[in-house]
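Asker: Each chain, written out:
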Amino acid sequence: MKPKVAFFSFTSCEGCQLALLECENELLDILGAIDVVKFREAMSETSDEYDIAFIEGSISTPHDEEKIKKIRDTAKVIVEFGACAATGGLNAMRNSMGTEEDHYEELREKVYGPVGVEHFRSTKARPVHAVVPVELTIPGCPVDRGHLLEVIEAVLVGRSPRQFDHPLCVECKLNDTVCVVEAYGQMCMGPVTRAGCDSICPNVGDACEGCRGLLPSGNFAAHQQMLEEHGNSKEEIRLRYLMFNAYPCEELEVPLP
Amino acid sequence: MELYKIDEKGLAEAMARVMEDYRVVAPVEKGPKHVFDDIEDWSDARPMAVGTVLPPKKYAFPQRETLLRFTLTGETPEAEAVMDDTPVVMAGVHPCDIAGLRCIDHTLAGRHFDEHYGARRMNAIVFGFDCMPDEHCFCTSVGTLKAESGYDLFFTPIQTGGFVIRIGTPRGRQLFEKYFQHAEGAGVYEESLEADFRQRKAEAVTAHIDAPVDDLPEVYQESMDSEVWDKWGAVCFSCGSCSLVCPTCYCFDVQDRVSLDGSEGRRDRIWDACTLPDFATVAGGHDFRPTAPKRLIHRHNRKFNYQQERYGEPHCTGCGRCGRSCLVHINMVTVANELIAEQKGEEA
Ligand code: SF4
Ligand code: SF4
Ligand code: SF4
Ligand code: SF4
Ligand code: SF4
Chain U
1 MKPKVAFFSF TSCEGCQLAL LECENELLDI LGAIDVVKFR EAMSETSDEY DIAFIEGSIS
61 TPHDEEKIKK IRDTAKVIVE FGACAATGGL NAMRNSMGTE EDHYEELREK VYGPVGVEHF
121 RSTKARPVHA VVPVELTIPG CPVDRGHLLE VIEAVLVGRS PRQFDHPLCV ECKLNDTVCV
181 VEAYGQMCMG PVTRAGCDSI CPNVGDACEG CRGLLPSGNF AAHQQMLEEH GNSKEEIRLR
241 YLMFNAYPCE ELEVPLP
Chain P
1001 MELYKIDEKG LAEAMARVME DYRVVAPVEK GPKHVFDDIE DWSDARPMAV GTVLPPKKYA
1061 FPQRETLLRF TLTGETPEAE AVMDDTPVVM AGVHPCDIAG LRCIDHTLAG RHFDEHYGAR
1121 RMNAIVFGFD CMPDEHCFCT SVGTLKAESG YDLFFTPIQT GGFVIRIGTP RGRQLFEKYF
1181 QHAEGAGVYE ESLEADFRQR KAEAVTAHID APVDDLPEVY QESMDSEVWD KWGAVCFSCG
1241 SCSLVCPTCY CFDVQDRVSL DGSEGRRDRI WDACTLPDFA TVAGGHDFRP TAPKRLIHRH
1301 NRKFNYQQER YGEPHCTGCG RCGRSCLVHI NMVTVANELI AEQKGEEA
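Line by line, the protein sequences are chains U and P. Residue numbers for the first sequence follow the working numbering, so the first one is 1 and each next one is one higher. Residue numbers for the second sequence follow the working numbering, so the first one is 1001 and each next one is one higher.
No wet-lab data here; the hints were simulated from the structure. Note that the structure is predicted; figures quoted are calculated from it, not measured. We put the CB at the ideal spot given by N, CA and C, even for glycine. Do not rely on the hints blindly, as some may be mistaken.
Claimed, not checked - Listed below are several chain P residues computed to face chain U (Cβ distance under 7 Å; list not exhaustive):
id, residue
1, 1186
2, 1188
3, 1237
4, 1241
5, 1244
6, 1276
Extracted from the complex, chain P is given alone in its bound form (with noise of 0.2 Å):
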């Protein structure tokens, strides 16, 4: 594979041309944390920085969207689909984030096709950048250190200053050919200059799960009567940040407006959470997961074990968000290795 390099200045001129042409999207600061905003000027975008409030995937699959608006005046009601195809280029999306939107994929764009989420996947464009973990981390305990595909360009800051280029996709080419190839500083790469940084990278994660990521599903399927749930369902909120603010989450609710002579309405899709105390309430007002331990044990489940069984792939990508955003510090990391260490100590 090419590879090509850019400097500092030739990306700052690069992406202000592509800012030109498209709505481009990025980490931006908002008090200590960052998030992810649209921007008008490259020097607001910080992405390089961990730990967004929300993941990208809001692009493609938005908090609050209308699916239809209809009409209520004649004489049978009429609707019609809300769909958005805007290109957005989402850029600083990390390893992490970049599995995650492959894990909703896998749901909402595949055997089942969502045309909404689809519309704007599709036009979703991924400048993938790589990043460096804090302690919420776990990327390598998860195989998403590095991203092999799911980006159209990606970048990997390199100790000489500046950004090596990895080209994605057919469409990631005709971006860097058009924007990127003809940049100050701009060049080709005989070899990786990435690596050194990779490993810098993988040093510097301090979280890991005590077992190889395979393992998982089993050690989950052993650990459904075990106490750590109960353990850490007794401190749980329930108040669902943890699932809200997670990259491969995608569980939404469905609510109707109307206007308020009656004329006229629409179909909004809300996100939704397995983790809130009114999730699973169906109606009749039967709660098929009533208690903290139980929601725990779905939401785990789902990371590590159903999904993955099911998909290949582990739906928890070591983002670390769920850990950040929790205040009763209850974490993939933690909870994995307490079913792990009561399993080997069964076993012993």
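With the rest of the complex left out, here is chain U (with noise of 0.2 Å):
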């Protein structure tokens, strides 16, 4: 029996369905292997009967909490698709710009106007797991094809995926790639951030922005150091760390200058 599998968006740009489409090569081969019952990008049909569900965006709404606990009741494996649902992305670092008391209202305002303070609420913008259980993690914005493929092929086999509990210098290095702080002084979150997409970023001479996530285990103040030493200021790394990782800095505690 073909696995049925859902894709659900939510607080996102949904590029990283897109992604998946975008697997042009492969895309046969996957729709072969599972059966899509959900995807609002691809198809129409719909069926509430899953049992993987690849979740993309953050949870930022009281009606995003409800409708992933529902999801969460329904399927067996819930996949954190992006890094919307990982981490709570860029979504995140609105956390600060006001408070869940008020639904960050003056925010709201500012962005919907009168309308949005009437019919929108908001909650801090979170990643899935703060909110439900997950088993799997497919980080990135958007995911990597191949990190992406290697999860499909790990869940069709029945082995755990791959988990690159590593910093992304790892895969500078097998590509032969040129680092970006040795070589221009670049603000580089490679050396705190998880591998896993071929470090696409400094392959063509830019710096990483970290948007597969903060390494649990980090050496974050050594990190900040070293860029500092670099010539950039406290402010600015400051806002590097808090562009794709406002709510890992606040689950992992990071200390930020």
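Join the two chains into one complex using the hints; note that each chain is given alone, in its own frame.
Answerer: See below:
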């Protein structure tokens, strides 16, 4: 029996679903191995019976919270799909810009005007695992195709996928990539960021922004000091940490400069 | 030993002919650094460039390689080994990296013979080149200033222009006779013109270990509880860069991949590193080297103690790569000298 798979979107840009559709060479194999029952980006037919739920987006409204709990009741396996779902992603940048008590009223007014204040309620933007237990995580903004395929393969074969519990620097080395800190003094998050994207940004000469999330084992103090040594201000470093990792900073109690 | 000479033009001419018959790799520019890569035009090669990101070891022991392919459709699974024995000429291998290959040979092509490594290694033709050290090189401290063996041909620049060529193997002699002997500006030399270059090279080395290399195993054995490890461990990212760029490291992980329809798959070998946080974690989640200082102790002892005692030569070749790539300035020379100073202090 092919596993029934459903894709759900929460607060996100839905770019990760597109990343799946971009697996052009493998898409037919994937569709041959699983039964997609819910997928807004790709098809209209839906069903409420599924084994595996891919969750894209962060949980950031009371309504999101109810919906994800219902999904948890049905799904055997929940996969956090992309940065928003895995770490809160960019959405969590707003967590420090207001309070949960007033549902980020000031911010909502700024973004949506009076209608927003009336109609939307917001909570902190959180990763899925902050609300319900999850089985698997594919971080990244958007998710890396290779990692996505590895996870699908692991689920089908019935083993646990690779964890990537090591920093991105590993992949720079495997790719013979010139380190952007060593060569250009760029503000790279790689030494404290979970590997698994094949160091796609440093490979083209850009610093990693940390979209795959902070590594719990990261040496944050030494990393921040190293970035300062390379001429970055404390404020620049703080903002770089908060860009993709506002929620992980809170979760891991990362001291910020 | 007979010595030969060739000028720049003759070398370019000879290498162009080598390239007609062989895959040739050499250091090429990549941003402000260099990497070993395939070349089609000798003018792209920077054979004397110091500090390529990865050492040429990657041609004998690639970062990722498929060891075998298997099918799962029959009654029993069937596997077939994947071997690569395509000859490759590695041009621009410096004495430290020649020593690095020998160190890996001890482990992967010695008593235990790894067929995949062996096939590649035996078909890796080494054109060694002399080089000018940068501030991270310390070949003079570990006996790798000059390569005595481990190359097919070895090129040393001479002040009058061009290179002196040494022949290191019968294969090297054949290659020399076929491609170099008749090139423009080629000839025989009675005496070495290398001494002068070698001396300038030795003088250019600025990083030195403050003890004879033979004393190092004892220094490290006595230093297992040193605070030096805690000091550096506190700033170490556990990023693995130092191990991954090292010409003598060979840790790997093995991963199986299966096609989505479950009909076939492959077994891959991928570099791993003892300095990574997840390296020593075994089934059940137990990590037998759970802290950065412990991992540093292990890595540095592999270079100057465990392997050196076992194989009779240091397994750090002074290439300086780990120091160049470590963003928190942990390097072999600083650590060794701190341990040496600590022990001298204790004795006094
Ligand atoms: S992780 Fe990035 S790409 Fe994926 S949905 Fe969120 S914002 Fe979009
Ligand atoms: S570019 Fe960034 S991720 Fe890559 S090695 Fe340098 S610090 Fe690490
Ligand atoms: S290099 Fe960093 S920012 Fe770029 S995709 Fe990978 S984890 Fe994300
Ligand atoms: S390169 Fe430096 S920071 Fe990274 S693991 Fe090695 S010693 Fe630690
Ligand atoms: S330990 Fe460092 S200096 Fe020594 S051979 Fe390895 S990378 Fe080179």
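Asker: Look at each hint and say if it fits the structure.
Answerer: Evaluated hints:
1. 1186: 34 Å, violated
2. 1188: With Cβ-Cβ at 39 Å, over 7 Å, it is violated.
3. 1237: Constraint on residue 1237 of chain P satisfied, holds at 4 Å.
4. 1241: With Cβ-Cβ at 5 Å, under 7 Å, it holds.
5. 1244: 4 Å, holds
6. 1276: With a minimum Cβ separation of about 4 Å from chain U (threshold 7 Å), the hint on residue 1276 of chain P holds.
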